[in-house]
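Note that the protein sequences, when read in sequence, are chains A and B. Under our numbering, the first residue of the first sequence carries the number 1, and numbering increases by one thereafter. Under our numbering, the first residue of the second sequence carries the number 1, and numbering increases by one thereafter.
Think of the hints as simulated: they come from the structure by calculation, not from any bench. Each hint should be verified, as a subset may be incorrect.
[Said to hold, decoys possible] With a Cα cut of at most 27 Å, we get these calculated DSSO-like pairs of lysine-lysine:
1. B:K245 <-> A:K110
2. B:K245 <-> A:K2
3. A:K110 <-> B:K170
4. B:K245 <-> A:K138
5. A:K370 <-> B:K7
6. B:K260 <-> A:K87
7. B:K245 <-> B:K168
8. A:K207 <-> A:K167
9. B:K168 <-> A:K2
10. B:K227 <-> B:K245
11. A:K164 <-> A:K110
12. A:K110 <-> B:K168
13. B:K277 <-> B:K245
14. B:K260 <-> A:K207
15. B:K260 <-> A:K135
16. B:K245 <-> A:K81
17. B:K227 <-> A:K370
18. A:K289 <-> B:K260
19. A:K55 <-> B:K168
20. A:K377 <-> B:K170
21. B:K245 <-> A:K207
22. A:K219 <-> B:K245
23. B:K7 <-> A:K110
24. A:K370 <-> B:K277
25. B:K205 <-> B:K245
26. A:K138 <-> B:K260
27. A:K322 <-> A:K370
28. B:K7 <-> B:K245
29. A:K81 <-> B:K260
30. A:K29 <-> A:K55
[Unchecked claim] The following label-pair restraints were derived from C-beta to C-beta distances:
31. B:K245 <-> A:N165: 50 to 60 Å
32. A:P301 <-> B:N19: 54 to 64 Å
33. B:K245 <-> A:V171: 13 to 23 Å
34. B:K170 <-> A:E347: 13 to 23 Å
35. B:L117 <-> A:L61: 31 to 41 Å
36. A:E330 <-> B:D118: 21 to 31 Å
37. A:G77 <-> B:G42: 52 to 62 Å
38. B:D118 <-> A:E127: 38 to 48 Å
The beta carbon of each residue, even a glycine, is placed where N, CA and C say it ideally should be.
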Amino acid sequence: MKIHEYQSKRIFEKYGVPIPSGGVAVSAKEAYNIATDLGGKVIVKSQVLVGGRGKAGGVKLANTPEEAEKHASDILGMDIKGLTVRKVLIDEASNIANEIYLGITNDREKKMPVMMVSAEGGVEIEEVARVTPEKIIKVHINPLLGLQGYQMRDIAASIELPRKNWKEFGVIASGLWKAYNGSDATLAEINPLIITAEETLLAVDGKMLIDDSALFRQKDIAEMRDLDLETESEIVARENDLAYIQLDGEIGCMVNGAGLAMTTMDIVTLFGGTAANFLDIGGGANAEKVSAAFRIILSDPNVKVVLINIFGGITRGDEVAKGILEAIEEVKPEVPMVVRLVGTNAEEGRALLADADMITAETLAEAAQKAVAVATKTVATAKEA
Amino acid sequence: MSILVNKDTRLLVQGITGNEGNFHATQMAAYGTNIVAGVTPGKGGEWVLDGKVPVFDSVKLAAEATGANTSVIFVPARFAADAIFEAADAGLELIVCITEGVPVKDMMRVRAYIDQLDTRLLGPNCPGILTPGEAKVGIIPGNIAIPGNVGAVSRSGTLTYEVLYALKQKNMGASTCVGIGGDPVNGTNFIDVLEMFENDPATDKVVMLGEIGGTDEEQAAEFIATKMTKPVAAFIAGQTAPPGKRMGHAGAIIQSGSGKAEDKIKALEEAGVRVAKHPEELPDLLG
């Protein structure tokens, strides 16, 4: 789960990382008031969960509260990469002497967190990693021990941080680790961590990603979820515990199991079609869940045909069939359906669906080919009409 | 012969009195797996599975009383790490964690700890292991596979069933089928299982089912090229998955250009692996 810059920075602050004074505004008037309280120059920063805000004109410097009001008015409501800006962060502007990158993420290969630091902060770290990987210093953190003092000193020395800032840096690095660990983050990054003209360190930008699987014990963070980011279908899917990702093709897919759901998308493409979505109904899905999945798929206007591919293990074919029938009753879909049921109680499922008007298939390849044929025909018919 | 589990496996089920645990314990017993004990804290002294299997309060007590050597875990995600630590500290040789949705932080702590012990962990978020005709530890439906000489290893559950089923249609059987799970941090990876298959006299060829995310398949390709003599056929799921999206499995995500299906397919093909365009082609590729 992504959280906003201001939310990330507030979490960092809780763990002792210094951040600029500031406040969040949802209107230009509020922005004016915050800027007045702060006094002096401020930065007006759009709070959207996407990178490249600066380039898109979503971050601006204001010399006066009036300017802050003007910028906030321009930025609020702005569209940045498809997301509407609903909040701006008004931060006290800092005098930047130097920019550092400091972040922690999970190293999948080493199976432990890794702290990454670069003396070249302020730019996309992925770009630095690609062009000049030697400029990123990596220190792995044993999750049973946590970040050690010597590791922080090693990092400070390796980026040639002035010695007078080492102690401060230790507080920040250790605070970032505690924020990361305490929040079940999969990414916590300060970019940039600046050395100010006054020779102190300050975290002026922050970003965190939180492990979805840990939200049960991160209740405060779970409440930060920005529903603007999700489509109606994605919200319904999450509430029904379905893994759903909308794509832009024509064949709606309903599958049990993530690997098989990806495979179904792949095979549809292999036979010349396009998938409208990824949808995994999970293991042991009941009729209710199947019905919700079906409604989500059918709410996508691009869907020309629905391909149902169920390999019953824990999931039972008859339960899936019942769900499909319930949904048909309720939604009365106009698009054709291709069904393939194999495994546990598949025969009972097929018997239940025998009276419904559906195209059946024995193998995965056959199901995909039939779905593609139907989708293509539907498009051709629509063009003729 | 087979790998990891066989007819001599003495299985303990953690979470045996829960819905999932009870259902699957029944299925495993029906398959012929030797279930010697169950563990549910607070329910020690009860008997389950028609009064045939004793329940204990802890893994240690269960292992001492029954000589269990393998554990399968069906507890909810928030208790999974504790269950793994408990099984590891009780000295079990193999721990199979079926539970989905274990926080990655918990799994990193688990790995940091159990890597120092002689315990092998499989999973989490995996379907378990099936040695057809001998033992089923986990949730793989027993009737979709027959005994044979193909070793199967996979990051996905139902995709594995699909392939076992396709093999069975062609009268091909499996020596052992291992689901390593779909999480980014797990106990056993492709290389571990490939090495076991290479050393297993009952396995003549191997089928490997990978998916997007991480670089395990690339490392497996390196291992196959340098250390394996047995033929391997593979399929990689997620060739049409968009980058940056988590495709159901916590570990199935293309990040910063890493973890793409095309890179994995290329690495495997360069290692001499025959990569299928779709899973139903795999039996033919194995020949």
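Hints versus structure:
| no. | hint | result |
| --- | --- | --- |
| 1 | B:K245 <-> A:K110 | holds (22 Å) |
| 2 | B:K245 <-> A:K2 | holds (12 Å) |
| 3 | A:K110 <-> B:K170 | violated (40 Å) |
| 4 | B:K245 <-> A:K138 | holds (26 Å) |
| 5 | A:K370 <-> B:K7 | violated (43 Å) |
| 6 | B:K260 <-> A:K87 | violated (35 Å) |
| 7 | B:K245 <-> B:K168 | violated (34 Å) |
| 8 | A:K207 <-> A:K167 | holds (23 Å) |
| 9 | B:K168 <-> A:K2 | violated (44 Å) |
| 10 | B:K227 <-> B:K245 | violated (34 Å) |
| 11 | A:K164 <-> A:K110 | violated (33 Å) |
| 12 | A:K110 <-> B:K168 | violated (37 Å) |
| 13 | B:K277 <-> B:K245 | holds (22 Å) |
| 14 | B:K260 <-> A:K207 | holds (25 Å) |
| 15 | B:K260 <-> A:K135 | holds (25 Å) |
| 16 | B:K245 <-> A:K81 | holds (16 Å) |
| 17 | B:K227 <-> A:K370 | violated (42 Å) |
| 18 | A:K289 <-> B:K260 | violated (31 Å) |
| 19 | A:K55 <-> B:K168 | violated (56 Å) |
| 20 | A:K377 <-> B:K170 | violated (33 Å) |
| 21 | B:K245 <-> A:K207 | holds (18 Å) |
| 22 | A:K219 <-> B:K245 | holds (23 Å) |
| 23 | B:K7 <-> A:K110 | violated (34 Å) |
| 24 | A:K370 <-> B:K277 | holds (18 Å) |
| 25 | B:K205 <-> B:K245 | violated (33 Å) |
| 26 | A:K138 <-> B:K260 | holds (24 Å) |
| 27 | A:K322 <-> A:K370 | holds (23 Å) |
| 28 | B:K7 <-> B:K245 | violated (41 Å) |
| 29 | A:K81 <-> B:K260 | holds (24 Å) |
| 30 | A:K29 <-> A:K55 | holds (25 Å) |
| 31 | B:K245 <-> A:N165: 50 to 60 Å | violated (40 Å) |
| 32 | A:P301 <-> B:N19: 54 to 64 Å | violated (39 Å) |
| 33 | B:K245 <-> A:V171: 13 to 23 Å | violated (36 Å) |
| 34 | B:K170 <-> A:E347: 13 to 23 Å | holds (22 Å) |
| 35 | B:L117 <-> A:L61: 31 to 41 Å | violated (56 Å) |
| 36 | A:E330 <-> B:D118: 21 to 31 Å | violated (55 Å) |
| 37 | A:G77 <-> B:G42: 52 to 62 Å | holds (56 Å) |
| 38 | B:D118 <-> A:E127: 38 to 48 Å | holds (44 Å) |
This entry does not satisfy hints 3, 5, 6, 7, 9, 10, 11, 12, 17, 18, 19, 20, 23, 25, 28, 31, 32, 33, 35, 36, going by the numbered hints stated previously.
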